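Enquirer: All chains, please: the whole structure from these sequences, using the hints.
Quick note on this note's numbering: the sequence shown kicks off at 25 and runs consecutively.
Rather than coming from a laboratory, the hints here were simulated on the basis of the structure.
The structure presented is a predicted model; accordingly, all values stated were derived computationally and were not measured.
Glycine included, each C-beta is placed from N, C-alpha and C at the ideal position.
There could be a bad hint or two in this list.
[Said to hold, decoys possible] Below, simulated SDA-like cross-link-like pairs (lysine to any residue); rule was C-alpha separation at most 20 Å, straight line:
1. K132 to Q94
2. K112 to D205
3. K273 to L108
4. K44 to T115
5. K112 to S204
6. K44 to P320
7. K321 to L86
8. K273 to R311
9. K132 to R80
10. K138 to E91
11. K334 to R296
12. K321 to V274
[As the list claims (entries may be wrong)] Okay, the calculated beta carbon distance ranges per label pair:
13. D98 to P258: 42 to 52 Å
14. P258 to R299: 18 to 28 Å
15. G42 to D98: 24 to 34 Å
16. D73 to T117: 13 to 23 Å
17. Y121 to G42: 14 to 24 Å
18. T72 to L214: 38 to 48 Å
19. D98 to D255: 55 to 65 Å
20. E240 to V156: 36 to 46 Å
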Amino acid sequence: MNPIVGIGEVLWDVYPGGRKVAGGAPFNFAFHCHQLGHDSVIVSRVGTDDLGRELRERVRALGLSDEYIQTDPDHPTGTVQVALDANKVPTYTITEYVAWDYIGWDEKLESLLKTARAACFGTLAQRFGTPVPVHRFAEGLHQREQLGLVVFDVNLRGRYFTEEILRWGIAMSDWIKINSDELSVLSDLLEFQSLSDTVSSAKSLGSGVAILTRGELGCEVYRQWEEKDSDGDPLYSRETFTEPGVSAKVVDTVGAGDAFTAAMVCLHLEGRPLRECAKFATHYAARVCEYPGGTPKIDRAEVERAAGLK
Numbered sequence: 025m026n027p028i029v030g031i032g033e034v035l036w037d038v039y040p041g042g043r044k045v046a047g048g049a050p051f052n053f054a055f056h057c058h059q060l061g062h063d064s065v066i067v068s069r070v071g072t073d074d075l076g077r078e079l080r081e082r083v084r085a086l087g088l089s090d091e092y093i094q095t096d097p098d099h100p101t102g103t104v105q106v107a108l109d110a111n112k113v114p115t116y117t118i119t120e121y122v123a124w125d126y127i128g129w130d131e132k133l134e135s136l137l138k139t140a141r142a143a144c145f146g147t148l149a150q151r152f153g154t155p156v157p158v159h160r161f162a163e164g165l166h167q168r169e170q171l172g173l174v175v176f177d178v179n180l181r182g183r184y185f186t187e188e189i190l191r192w193g194i195a196m197s198d199w200i201k202i203n204s205d206e207l208s209v210l211s212d213l214l215e216f217q218s219l220s221d222t223v224s225s226a227k228s229l230g231s232g233v234a235i236l237t238r239g240e241l242g243c244e245v246y247r248q249w250e251e252k253d254s255d256g257d258p259l260y261s262r263e264t265f266t267e268p269g270v271s272a273k274v275v276d277t278v279g280a281g282d283a284f285t286a287a288m289v290c291l292h293l294e295g296r297p298l299r300e301c302a303k304f305a306t307h308y309a310a311r312v313c314e315y316p317g318g319t320p321k322i323d324r325a326e327v328e329r330a331a332g333l334k
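Expert: Below, the structure is given as structure tokens:
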């Protein structure tokens with residue numbers, strides 16, 4: 025097995041009225057990779073409480089293994105209170121000092137690092153200091169003989185990020201995904217004015233990709249890669265393109281960005297051109313918006329037909 029790995033929070037999204045949905049951006053990402061036909065796992069941590077036991081059961085019911093979800097004897101399972109505005113856009117109140125704030129490194133993760141094809145992380149699980157697994161995967165996938173893809177899906181939440189977290193994540197990643205609001209934050213905090221600024225700050229310029237999602241307006245993709253001129257000196261090539269949005273009967277947008285990232289990564293690992301990846305991901309994320317919660321069942325073949333890719 026050569027899985028795609030989501031590293032960070034797994035938790036309960038609690039909606040008005042008390043309805044609970046398994047969530048957390050890295051978990052949503054791993055779920056959608058699995059749904060799209062790829063081996064995927066979530067690296068996280070839950071408590072010994074009833075919520076933790078229920079969450080493990082839900083993870084397994086959705087088809088994922090809980091092998092890499094650690095058990096914390098001292099901290100509760102994570103929860104988030106979700107509120108939706110008039111446009112069905114969520115805001116989150118996130119419980120602090122919960123189990124996933126304390127993900128550790130162990131022999132299981134050491135073995136997983138040797139076989140993983142890609143790893144995706146965000147900012148939230150780094151809110152009280154970057155956990156060792158995030159560092160080890162981001163660095164280790166670049167140090168192996170067979171390189172893995174490192175994806176930074178920024179996912180800013182409230183006050184839970186710093187300039188240091190952002191700069192480190194961008195520097196360590198091959199791909200960076202942000203939305204329009206997050207680009208504004210990067211512009212203010214890091215003085216990045218465009219996607220090209222973001223890619224130019226990435227460590228792996230040879231495969232640097234930045235993706236800007238714009239909701240119903242679609243997405244913009246910027247790619248920069250290194251070639252050699254006739255003298256053997258580095259020569260950078262660049263490509264920018266946009267993918268228009270897809271209409272959807274929006275129920276809520278929870279998890280749509282995570283689904284988009286998963287779709288981009290999965291099709292890329294299948295060897296599809298980046299433009300096809302973006303087209304499919306845009307259609308797939310739109311479908312996710314038509315259902316409540318971040319982990320609805322979506323038929324891949326139907327999305328491919330709608331996107332004109334099958």
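Enquirer: Give a verdict on every hint.
Expert: These are the hints, each one checked on the structure:
1. K132 to Q94: 10 Å, holds
2. K112 to D205: 16 Å, holds
3. K273 to L108: Roughly 15 Å separates the two Cα atoms, so the pair holds.
4. K44 to T115: Distance of about 15 Å is within 20 Å: holds.
5. K112 to S204: 17 Å, holds
6. K44 to P320: OK: K44 and P320 at ~14 Å, within 20 Å.
7. K321 to L86: 9 Å, holds
8. K273 to R311: Answer holds: K273 to R311 is near 9 Å, not above 20 Å.
9. K132 to R80: Holds, because 17 Å separates the two Cα atoms, which is no more than 20 Å.
10. K138 to E91: At roughly 16 Å apart (the allowed maximum being 20 Å), E91 and K138 satisfy the hint.
11. K334 to R296: 13 Å, holds
12. K321 to V274: 15 Å, holds
13. D98 to P258: 42 to 52 Å: 50 Å, holds
14. P258 to R299: 18 to 28 Å: Hint holds: Cβ distance 25 Å, inside 18 to 28 Å.
15. G42 to D98: 24 to 34 Å: Holds, at about 26 Å.
16. D73 to T117: 13 to 23 Å: Between D73 and T117, where Cβ atoms are some 19 Å apart, the hint holds.
17. Y121 to G42: 14 to 24 Å: 23 Å, holds
18. T72 to L214: 38 to 48 Å: 40 Å, holds
19. D98 to D255: 55 to 65 Å: 60 Å, holds
20. E240 to V156: 36 to 46 Å: This hint holds: roughly 39 Å between Cβ atoms.
In summary, this structure violates none of the numbered hints.
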